[in-house]
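**Student:** Sequence:
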Amino acid sequence: MPDAPSLHACIEDAAEIARLAGELGYPTETQAMAVRLAALLPQPHQHVMVVQAEDGSLLGWIAVERRLTLESGERVEIVGLVVDAAARGRGIGHVLVNDAEHWARQQGFDVVSVRSNVTRLQSHPFYRRLGYVHRKTQHAYAKLLDA
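Quick note, the numbering used here runs 2 ahead of the 1-based positions in the sequence shown.
If you're looking for bench data, these hints aren't it; they were derived computationally from the structure.
Beta carbons are placed, not taken as given, at the ideal position from N, Cα and C, and that holds for glycine.
Among the hints, erroneous ones may be present.
To be verified - Once the Cα atoms are required to be at most 25 Å apart in a straight line, the calculated DMTMM-like pairs of lysine to aspartate or glutamate come out as:
#, residue 1, residue 2
1, Lys138, Glu67
2, Lys138, Asp112
3, Lys138, Glu31
4, Lys145, Glu103
5, Lys145, Glu73
As the list claims (entries may be wrong) - Derived DEER-like restraints, expressed as beta-carbon distance ranges:
#, residue 1, residue 2, range
6, Arg107, Lys138, 23 to 29 Å
7, Leu9, Ser125, 35 to 41 Å
8, Thr121, Leu43, 25 to 31 Å
9, Leu132, Gly110, 16 to 22 Å
10, Lys138, Leu72, 29 to 35 Å
11, Gly75, Pro29, 31 to 37 Å
12, Leu9, Ser74, 18 to 24 Å
13, Glu73, Val135, 16 to 22 Å
14, Leu43, Arg107, 18 to 24 Å
15, Ala40, Arg69, 29 to 35 Å
16, His10, Tyr143, 20 to 26 Å
17, Gly110, Tyr134, 16 to 22 Å
18, His96, Leu42, 36 to 42 Å
19, Gly110, Ala88, 33 to 39 Å
Could you build the full structure based on these sequences and the hints that come with them?
**Tutor:** In structure tokens:
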């Protein structure tokens, strides 16, 4: 496990969170990320943590949310996790997931779920090593709506 603890994300992390979101396949401008963080961070059902390197850059981040769905009730889900490609294999992802699980327990939950794209082949064994069990495979659809 790395020595660096997880820290609560803040608006000042926007550039680094955006950089890492790009590594995850979601290129985002710093200003857009700052707007998202400003909306998410004050929400009690949102939890965003980072691991910071000594030089101030971010080694990874995790976003977790408590969500209520009509069909299955309330649950906690990891909605985003990324570790800098140069820092993978050092336990940073494990630290972040442990933090998410701790937060879920504090919220009164005993299960955390995560969805991982079938193309993210490195993430599947990572989650299995942490005790996550594959539950289902699904298709995701989107439709561009006319203006």
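**Student:** Are the hints correct? Go through all of them and say.
**Tutor:** Consistency of the hints with the structure:
no. : hint                        : in the structure
1   : Lys138 / Glu67              : holds, 20 Å
2   : Lys138 / Asp112             : holds, 19 Å
3   : Lys138 / Glu31              : violated, 33 Å
4   : Lys145 / Glu103             : violated, 33 Å
5   : Lys145 / Glu73              : holds, 22 Å
6   : Arg107 / Lys138: 23 to 29 Å : holds, 24 Å
7   : Leu9 / Ser125: 35 to 41 Å   : violated, 23 Å
8   : Thr121 / Leu43: 25 to 31 Å  : holds, 29 Å
9   : Leu132 / Gly110: 16 to 22 Å : holds, 21 Å
10  : Lys138 / Leu72: 29 to 35 Å  : violated, 18 Å
11  : Gly75 / Pro29: 31 to 37 Å   : holds, 34 Å
12  : Leu9 / Ser74: 18 to 24 Å    : violated, 31 Å
13  : Glu73 / Val135: 16 to 22 Å  : holds, 20 Å
14  : Leu43 / Arg107: 18 to 24 Å  : holds, 21 Å
15  : Ala40 / Arg69: 29 to 35 Å   : violated, 20 Å
16  : His10 / Tyr143: 20 to 26 Å  : violated, 34 Å
17  : Gly110 / Tyr134: 16 to 22 Å : holds, 20 Å
18  : His96 / Leu42: 36 to 42 Å   : violated, 23 Å
19  : Gly110 / Ala88: 33 to 39 Å  : holds, 37 Å
Of the hints listed earlier, those the structure fails to meet are numbers 3, 4, 7, 10, 12, 15, 16, 18, in rising order.
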